[in-house]
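Asker: Listed below are the residues making up each chain.
There are 2 protein chains.
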Amino acid sequence: MERRTVRVVIVGSGFVGTELVTMLLDANRQIAIEDAALAHIEIVGVGVRDLTKARPGVPAELLTDNIDELLSRDFDILVELVGGTDDAKRYVETALARGKSVVSANKALIAQEGTRLFALADANGADFFYEAAVAGAIPIVRALKTSLAGEKLDRVMGIVNGTTNFILSKMTVEGSSYDEVLAEAQALGFAEANPSADVDGFDAASKVAILSSLAFGTSLDAVEVAREGITNVRALDVEFATRQGFVIKLLGVAERVGEHGVSLRVHPVMIRSSHPLASVHGAMNAVFVDGPRSGPLMWLGKGAGGAPTATAVLGDLLDAARNIVAERHDVPFTPDDRLFLVDSDNISSEFYISLDVVDRPGVMSQVTGVFGRHGVSIRSMEQAGVGEDARLSFITHEARSGDVKATLLELAELDAVDVVANSIRVLEDAN
Amino acid sequence: MERRTVRVVIVGSGFVGTELVTMLLDANRQIAIEDAALAHIEIVGVGVRDLTKARPGVPAELLTDNIDELLSRDFDILVELVGGTDDAKRYVETALARGKSVVSANKALIAQEGTRLFALADANGADFFYEAAVAGAIPIVRALKTSLAGEKLDRVMGIVNGTTNFILSKMTVEGSSYDEVLAEAQALGFAEANPSADVDGFDAASKVAILSSLAFGTSLDAVEVAREGITNVRALDVEFATRQGFVIKLLGVAERVGEHGVSLRVHPVMIRSSHPLASVHGAMNAVFVDGPRSGPLMWLGKGAGGAPTATAVLGDLLDAARNIVAERHDVPFTPDDRLFLVDSDNISSEFYISLDVVDRPGVMSQVTGVFGRHGVSIRSMEQAGVGEDARLSFITHEARSGDVKATLLELAELDAVDVVANSIRVLEDAN
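Protein chains in written order, with my numbering: chain R, 1 to 431; chain H, 1 to 431.
There could be a bad hint or two in this list.
Footprint (simulated), chain R over chain H, 3 or more residues, beta carbon under 8 Å [as the list claims (entries may be wrong)]:
| hint | region |
| --- | --- |
| 1 | 35-46 |
| 2 | 249-256 |
Some chain R residues judged to face chain H by a derived CB distance under 7 Å, without partners named [claimed, not checked]:
| hint | residue |
| --- | --- |
| 3 | 33 |
| 4 | 36 |
| 5 | 39 |
| 6 | 94 |
| 7 | 298 |
| 8 | 308 |
| 9 | 315 |
| 10 | 326 |
| 11 | 328 |
| 12 | 329 |
| 13 | 332 |
Hints listed in this document are in silico derivations from the structure and should not be mistaken for laboratory results.
For every residue, glycine included, the Cβ atom is placed at its ideal position computed from N, Cα and C.
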């Protein structure tokens, strides 16, 4: 059968772009790629900022630093790998306006502008695919769009930031402090010099916004995700968790609340060590989905790295190519405008709460009295140390986050409480 | 936009069929289903053997026991849920020959006749989808066909039989014997009165054949899968595994050996308790995939049950409907005829070996001498009991399965060895 040629422009050639070019040019994989694309894939050019950088495996004649010129050539699909939301947005809009399909790994761009860009794609008869934007190599975007399209999901939650999972895993295994492990992660290149995007949960929040749009149909236009990072997690908290059969993970959560409510949040959670998410070690990512009919489902894989991310980009590219051959495009999701965000104060959970107190008669009664006044019921309590250095660790029964917040504020006012050291949500279900 | 109607015939209405009909008729999901199918889905009829059986949620006017008449009506997609390889095969062939797409959950039919049926589908411009045939609700088939199409996978292995995983999990948690737990599983309806299809690995073998066809391109025509079941796994072995930080799982494995060799097998394996597959409890299924670029990936979910399986069938149905609207069909995989099966005797692994021996001077030297003669090197050894009731447990370094077999045969000949109680492969890598 004579196959048509699908012409691809790639902008951005860091680790992911270089790996993608290598995969597309690998002579051993030509037949498999053509069979999957139902087309011959030709690389028109690779747009980069700096032509002098070494890019092993990328033929020099493909490279150009004139990206605007590159985007004016004859092509079918733009692969956008520059990242950020300025140039990337312009490139993507240029391609979509010309009716060219786009494959992007740009989570920030999609979380902020997705709804508008999908509409632009649809209006121009093009596809906009973004499998690599969430959880790297894990094919979760396609699964939510197709395999689970018929299921009304209750919850999507995931370990979607490798840096924070690396840090928490190492704290768990080695008993080290957050600061020690962060420094090590920075030295190894797993964490940025300014780690805020990772450790404060911004990166995970973008992914939660995207997962929620796929699972529930929330709009992608810089929707607010409640955020707590991992900078307050202490070796003491990790040790308590381990002793009680938990591990601490930074989870991104998108959850249905009632018929049209959605709660979006990123925060550390103590999960049972028998929970499948507890076995997600180091820089791995995982996404856990629960639906009334499907039951629990989990995907696990590498969340970052040139080659893993490139496999996800390639999957999208093959899909977009098949659609071009069939002269069709996927209908993008339409945001469900009945949905509203639920304030995370109104979400209930069990909590671990750690207080540094002065150990003297009457303190326990004062402390538990505060819990009681806010309707927060205590499931278990543990005291360590004595005198000035006593520490109380509580696990509560399920309580509204807002009530727990109010409890902590009032506890901080007590003379006997030196400091409210931490509060971390606890997830009891084993699956 | 005016949408066309895609007409569906369902044959077989057990748990899965009943759930599927309920999902398709759920008024709350109509919009989501239509958006995903790009079509209105109409159920033409539901063919069953016994019209008198209660099927809550299935309108009586849809039911018929004249399946041949049903298949002669005007429809677009056949959903085959009768199981087995006799009637099912006839129904599927009838539909495909008429150019109608087929969605099937029938692992036995696909493992035995897949290659022929896919070719029949392709020749008649139809699709043949079978997501539900492997690992129930887990969308692994579509992921291997699309997202990972560009990756040359090294290995696919999975916990693909819920009954055996339920039994092994319970033996691990409760320390009970295989016979006790099997009886319990039978009482609960998790195991058949004749459990052979599950406990001897036949069911898992069908799934391995299908996974291998997707990952490597092996043919689906009753290809031989080496099989060891779980009937020999003793409480003692489970206890040893736990003590050493392992859990015992029945794994189906499809592995690339060299450029064109493929090893297909089902057997119990001791895996590290930190391995993601170790956290797959009870009747859950999981599939673990490894590729040079993607890195390790794992999918976890319910492997059986009416509703979970029906979500996978629905995903296929929506995909088939989209293709019908676009007037295209997926090109099925073509078997790669350069591939050959590698005898599992030639596959190397570490092994746990358990011997009941008479504890007297010289025995150890005799036993280790046999290992040495076959080139099987011992990594660790443990002795329990004394005198007539001594037990030796070994873990070997990596060794050819054939050499281990020969070792066990010769050990059984020794006077001092009462019985070679068990040998189980050991998988050391943590991810």
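Asker: Decide, hint by hint, whether the structure agrees.
Answerer: The hints, checked one at a time:
1. 35-46: Contact hint for the region 35-46 of chain H vs chain R: holds, 3 residues under 8 Å.
2. 249-256: violated (count 0)
3. 33: holds, 6 Å
4. 36: At 3 Å from the nearest chain H Cβ, residue 36/R passes the 7 Å test, so the hint holds.
5. 39: violated, 11 Å
6. 94: Violated. Min distance 26 Å.
7. 298: holds, 4 Å
8. 308: The hint holds - residue 308/R has a Cβ within 7 Å of chain H, the shortest such distance being about 5 Å.
9. 315: Residue 315/R check passes; min Cβ-Cβ to chain H is 4 Å, inside 7 Å.
10. 326: holds, 5 Å
11. 328: holds, 5 Å
12. 329: violated, 10 Å
13. 332: Since chain H brings no Cβ nearer than about 10 Å to residue 332/R, farther than 7 Å, the hint is violated.
In summary, the numbered hints that this structure violates are 2, 5, 6, 12 and 13.
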